[in-house]
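Peer 1: Chains A and B, in that order, give the protein sequences.
Start counting the first sequence at 0; every next residue gets the next number (numbering that gives the first Met the number 0).
Start counting the second sequence at 0; every next residue gets the next number (numbering that gives the first Met the number 0).
Hint data in this document are derived by calculation from the structure and do not stem from the laboratory.
Where hints are given, some of them may not hold.
[Said to hold, decoys possible] Here are some chain A residues the structure puts well away from chain B; computed CB gaps all over 12 Å:
{"#": "1", "residue": "Val2"}
{"#": "2", "residue": "Pro4"}
{"#": "3", "residue": "Leu75"}
{"#": "4", "residue": "Leu135"}
{"#": "5", "residue": "Glu140"}
{"#": "6", "residue": "Phe167"}
{"#": "7", "residue": "Gly182"}
{"#": "8", "residue": "Gln215"}
{"#": "9", "residue": "Met295"}
{"#": "10", "residue": "Arg302"}
{"#": "11", "residue": "Leu305"}
[To be verified] Calculated pairs, BS3-like style, for lysine-lysine (alpha carbon to alpha carbon, straight line, at most 27 Å):
{"#": "12", "chain 1": "A", "residue 1": "Lys166", "chain 2": "A", "residue 2": "Lys31"}
{"#": "13", "chain 1": "A", "residue 1": "Lys290", "chain 2": "B", "residue 2": "Lys246"}
{"#": "14", "chain 1": "B", "residue 1": "Lys320", "chain 2": "A", "residue 2": "Lys31"}
{"#": "15", "chain 1": "A", "residue 1": "Lys31", "chain 2": "A", "residue 2": "Lys290"}
{"#": "16", "chain 1": "B", "residue 1": "Lys246", "chain 2": "B", "residue 2": "Lys358"}
{"#": "17", "chain 1": "A", "residue 1": "Lys122", "chain 2": "A", "residue 2": "Lys132"}
{"#": "18", "chain 1": "A", "residue 1": "Lys122", "chain 2": "B", "residue 2": "Lys320"}
{"#": "19", "chain 1": "B", "residue 1": "Lys358", "chain 2": "B", "residue 2": "Lys228"}
{"#": "20", "chain 1": "B", "residue 1": "Lys246", "chain 2": "B", "residue 2": "Lys228"}
Where is the CB? At the ideal position from N, CA and C, for every residue including glycine.
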Amino acid sequence: MVVEPIVRDAVVFASLLSLLSIGLTLTYLTTKVPNFSHGSLATIGVFTVLTTTELWRQNPYISVPLAFVLSGMASLFLYLAALRPLISRGAGLPLQMVATLAYELILLAVLNIYADFLTRVFKITSRDFLLRKYDLKILDEPGVFIISPLLVIFLVSSLYLLLTRTKFGVAMRAAIENAPLAGVIGINVRTVYMFSWFLAGGLAGVAGAMMGLWFQADPGFGSRMLVSIFSASIVGGLQNIYGGAVGGYIVGLAEILGTSQLASVFGVQILPYRPLIPLSAMIITLLLFPKGFSGMDWGRIIRLRLQGAKL
Amino acid sequence: MILELVYIFTVDLLALLAVYLIINISLNLEYGLTGLPNFGKVLAVAGGAFVAGSVPGRLMAEYFGLYRGIEAYANNSVLADCMRGLSLQKPKILEATEFIEDNVLIITCINRVLSFDPFLSVLILLLTLFVAAGVGAALGFISSYPAIRLREDYLAMTLLAMGEFMWTIGYYTRDLVGGTLGVSVIDPYGWTGVRERFLVATFVLVGVAVLAFVYSRILARSPLARILKAVRDQEIAAEVLGKDTVKVRRNILMISASLASLAGALWAFYSGGVIAVGYDRITWTFWPWVMVIVGGSGSNLGVLLGTTIFVTARKFIDYYKFALEPVLPFSVVWLDRLVLGLVLLTILLLRPAGVVPEKPTLTLSREKIAELIKKQESSGTG
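Pulled out of the complex, with its shape left as it was, chain B reads as follows:
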C-alpha cells in the first residue's frame, strides 16, 4: 500500500518534472540566452496540448469510420463490441457520432483498439508529436513578428496578450478541444498495460526532457550561443559583426516554441485529457518564469536545479494539503502561490542571478592566441 503510493507519487513527480524541464529549457533559450522576455509561454504549450486533444482522436475516428455508424466498422470486432456495449448508455452512437458530443465514448473505444495495436499507437504518437512541433514552430513564427520589432517592455505585454488569446479560443470554441468541458485524449501507451502506461508515458517525457537538456547543453557551448548572447547583451555589436539578429531571434522563438508545444502534447497524452481552462498564464507562463529565475537564467544547471526544487516543493505541498486543509481557514492552493511568490521576490532581491548563476563564456588566453597566430603564420609562410 505504502509502496504503491510512493510509486504513484514518484511517477507523477517525474512526469511533472520532465514537462516543466522541457518548457523551462525552451524559456531559457529565449530569455536566458537571447534575452527575449517571453511572457506568453502558455501560447506554445497550449498549442501543443490542443493538437493532442483535437488531431489524433479525430484522425483515428475517421480512420475507423466511427462517425458513419456501426456498419462502417462492423468487421472490427473489438471496436464494434465496445461501441455496442456503450450504446446502452446512448443508443444513438451506433448510427452516427460527433467527435465532441460523444467524445468520451469514442475515445474509450479507440483506446480499446489501440491497446491491442502497439504499432498504430506508436505511429499516431509520433505523428501527433510531429504535428505539435510544427504547430509550435508556426506559433513561434507568429510571436516572432512582434519580437523582432518591439522593445522588451512592449514585447512582454504583447506576448502575454497572445498567450491569453490561445486560452480564449480553446475555451470558447467547442469544436477545438470541447470548450468548457474539455476532451479526452487517445492513449498511445495503453498497449503497455493499465498500470504501466503511466510509467511508459513518464519514461517518454523524461526521455524527451533529457534530449532537450543535452541539446541545450551542447548549444550553450557552441558558437551559436555566443551569437545569442551577443544579441542579448550588445545587439549593435552583433550586427556590426554581420550577424542577422532578426533571423536569430525568429529562429530561437520557433525552436523554443516547438519544444514547448512538444511538452504540451506529451503532457496531454500523459494526463489523458485536455481542458482549455487548464492552460492559464499562471501554470504555464508564470511558474516556468519562477523556476528559470530562481535557478539562474542562462545556466542549464540552474534551470535543472530550479525546476527540481520548485516542482518537488509544489508536489509536496499538494500531497500534504489534505493534512493542512482542516487547520487553515482557506484553501491550501493559495498558500503555495503565496509562499512561492515570496520565495521568488526574495531570490530576486538577494541573488538576482539565481541559485546557479550563468558562467561567463571563457575565451582563450592571450598566450594561447599568440601561439595559434604564430602557428598559422609559420604554416602560411612555410
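Excised from the complex, chain A in its bound form:
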C-alpha cells in the first residue's frame, strides 16, 4: 500500500492538533480563559524530542512521557503562579488573557534561549530542524504516522474512562459544571483545576514531541499554530472536551488536504495561504453555529432530515 505524502502530513497534523485542542478546551472549561501560550507549551515538547535525539542520542519516543511531564509542569505553573491569584482577586477575563500572553512571551524567550544554548554550546541545529530520520518504521510507514492517530484514540478513551468511571473524574466533571456547588459537597475544586491545567499542558507536550518528529520546527513553531488550535477548539465546540478532538480532525484535515485540493484547482500559488483555512473555519463556525460541532443537537438534525425524506 502506498500512502501519499500529503495524506501522511494531514493525518499526523490533524491527530496532534486534536490533542492540542483537547487541552485548550479543558483549560477553557475549567477557568474560562483562552490560553494564549498553549502553542508554546507544545514547543516545549518539540525541544524535548530535539534534546533526546540530537543531544542524548536516545530513542525519540522516550521524549513523549518526558514532554508530558515538562509541558504539564509549565502549564501548571502558569495556573498556580498567575491565573489562580488573579482569579481569586476577582480580576476580569481580559487581565487573565493578558497573563497568559505574558507567559507566552516568557516561554518564547526561554525556548529561544535554550535553542541558542544548544547551538552555541553543543553545535546542534536548533532552528528549522527536521528529525524524521530518528523515527521508527512500522509496516514500512513512518512511526509517527501510525502512532499519532492511535495515541489520540488511546488518550481520548483514557480521558473518557477517567471522567466517567473514576471518582476523581466524576468530581472533575462536577467542578467543571458548577464549581461552587461542587465545593459545597466537598470536592476540592482547586485540585481539580490544577489537574486539568497539568493534563492540558501534558497533552500539548505530547503533541509537540510527535510534531517535532515529523514537521520542520523552530522555537516559534507552536506559537504559529495558535490560530489553528483556537480554530479547532471553536469548530469542535468549546463546551465539550471531545469537541476538541473532533475539531482538531476537521480543521487539521481541512487545512492540509483542503489546501492541496485548492492548489490542484487554482494552482500552486494558493499553497501559502494555508493559514486562512483555519481562520475561515473559525469565522464560519462562529457565525453559523457558534456552539461548534459538539454543541449542535445532532439528534434533532437527523430527525428533521428523516422527516424531510419521508415528505
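With the hints as your guide, set chain B onto chain A.
Peer 2: Frame of chain A; chain B shown alone:
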C-alpha cells in the same frame, strides 16, 4: 561623535515612542474605555503600513510614467538622469519597469525627484495618510462584525486570528508589499535634507501622537467616555438608558483602527521600508498590551507613562546588546522578552490596575445637584 550618537539615539527613541503612543491610545480607547479586548491590534497597524508600502510608490510611478520606459519621462531631467544612471545595473529598466521587481530602483529615482519637490512630497504624504486612515476604518468596521456579536473570550481569539490574516496576506502576496523581500517606501521628507529627514519624520510622528493624546484626554472627560465606560461595565444599564451599544462599539473600533493605521503608515514613512514579517503579533499586538496594562488601562496618563517606560527600557536594552552579547550564551533579543514578560506578570499580580490606575469619574455632589434643581425649578416657575 558622541553628540551625533546621542542625536540619533534620541530621534529614534522619540519616533518609536510616538508610534507606540498612538497605537496604545487607540488600544486604550478600545480596551481601557470600552472593554473590547482587541488582541488583533496588528491588523490595523499592518493595514496602514501596507498602504504606505504599496499605494504612494505606485501612484508616483504611474504619475511620472516610470512603467512605460524612458520616452515617457525624458523631459523630466532629474528622473531621466537617475534612471539612466541606475540602468548600468539593470539595462532593462529603461524600456519598462515593474513595481515590485524594480522596486528599489524606482523608489530611489522617485525619492530623487521628490527631494526637489516639497509640494508634491507633502501632498503625497497627506494623501497616503488619508487613505491609510480610511483603510484602517474599513478594517475596524470588519473587526466590529465579530465584536458586536461575541463574548470577550471568543472575540479575543477571533481578533487574534484576524491579525494573523493580514500578516499572511502581506507575506505571501508578492504584489502587495513585495512578500518575503519587502518594499521600499517613498520618502516624503527627503526635501528637508538627508540628515534632517529623520528629525522631520519624528516631528510629524510626535505631532500626530500629541494630537491623539490631546484628543484622548478631551474624550476621557466627555459624556461620550461615560457611555463607553457604561458599555464596558454595565452593558444592560447602558441599553436601558437608550444607548445603542452596538453602534458605540463599532464606532470606537473604527476610530481606533484608523488611528492605529495612521501610526503604521507614519512608521513606514519614517523607516523607509515595509516588510510583512515585521508586522507580527508580538511587536504590534503584545507590546502595546504590555504597555497599556503596565501603565494603567483606562487612564491616559498611565498609557503615556507605560509607553515611555517600556519603549525607553527596550531601546536601552537594544542599545547595550552589543556589550552583553559576548557575555551571554544566547541572543539578547530574548532577554528583553523574558524580562518584560516577567515585569508584566509581576505588575498584573501586584498592581492589576497599572502604575497609574484609572480614576473614577466624579459626579456632582448632592448639594450641588439640589442647588441646580432648585435653580431650574425657580426659573421654570418664574
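Peer 1: All hints are to be evaluated individually against the structure, with a verdict given for each.
Peer 2: Hint check:
For Val2(A), the non-interface assignment is confirmed: its Cβ lies about 28 Å from the closest Cβ of chain B, beyond the 12 Å cut-off. Against the 12 Å criterion, Pro4(A) stays outside the reach of chain B, whose nearest CB is about 22 Å from its own CB. Listed as outside the interface, Leu75(A) is consistent with that label: its C-beta sits roughly 15 Å from the nearest C-beta of chain B, beyond the 12 Å cut-off. Chain B leaves Leu135(A) outside its interface by the beta-carbon criterion, the shortest separation being 33 Å against a cut-off of 12 Å.
With 12 Å as the threshold on Cβ separation, the claim that Glu140(A) sits away from chain B holds: the shortest Cβ distance comes to roughly 32 Å. Even its closest Cβ contact with chain B, about 27 Å, leaves Phe167(A) beyond 12 Å, as expected for a residue assigned away from the interface. With a closest Cβ-Cβ approach of about 23 Å to chain B, Gly182(A) is found to remain outside the 12 Å limit, as its non-interface label requires. Remark: the non-interface label on Gln215(A) is consistent with the geometry, its nearest Cβ contact in chain B lying 17 Å away (cut-off 12 Å).
No beta-carbon of chain B is positioned within 12 Å of the beta-carbon of Met295(A); the least distance is around 17 Å. For Arg302(A), the condition that its CB be more than 12 Å from all CB atoms of chain B holds, with the nearest at approximately 29 Å. With a cut of 12 Å on Cβ distances, Leu305(A) stays outside the contact zone with chain B, its closest approach being about 32 Å. In summary, the hint linking Lys166(A) to Lys31(A) is supported, as the alpha carbons are separated by about 23 Å, within the 27 Å threshold.
The suggested pairing of Lys290(A) with Lys246(B) holds, with an alpha-carbon distance near 25 Å, which does not exceed 27 Å. At most 27 Å may separate the alpha-carbon atoms for a hinted pair to count; Lys320(B) and Lys31(A) exceed this at roughly 40 Å. Taking the CA atoms of Lys31(A) and Lys290(A), the gap is about 15 Å. The hint holds against a cut of 27 Å. A distance of roughly 26 Å separates the Cα atoms of Lys246(B) and Lys358(B); the hinted pair therefore holds under the 27 Å criterion.
With a C-alpha separation of about 18 Å, the suggested pairing of Lys122(A) with Lys132(A) holds against the 27 Å cut-off. Restraint check for Lys122(A) and Lys320(B): the C-alpha separation of about 23 Å stays at or below 27 Å, so the hint holds. A hinted pair counts as satisfied when its Cα atoms are at most 27 Å apart, and Lys358(B) with Lys228(B) qualifies at roughly 12 Å. A C-alpha spacing of about 14 Å is found between Lys246(B) and Lys228(B), which places the hinted pair at or below 27 Å, so the restraint holds.
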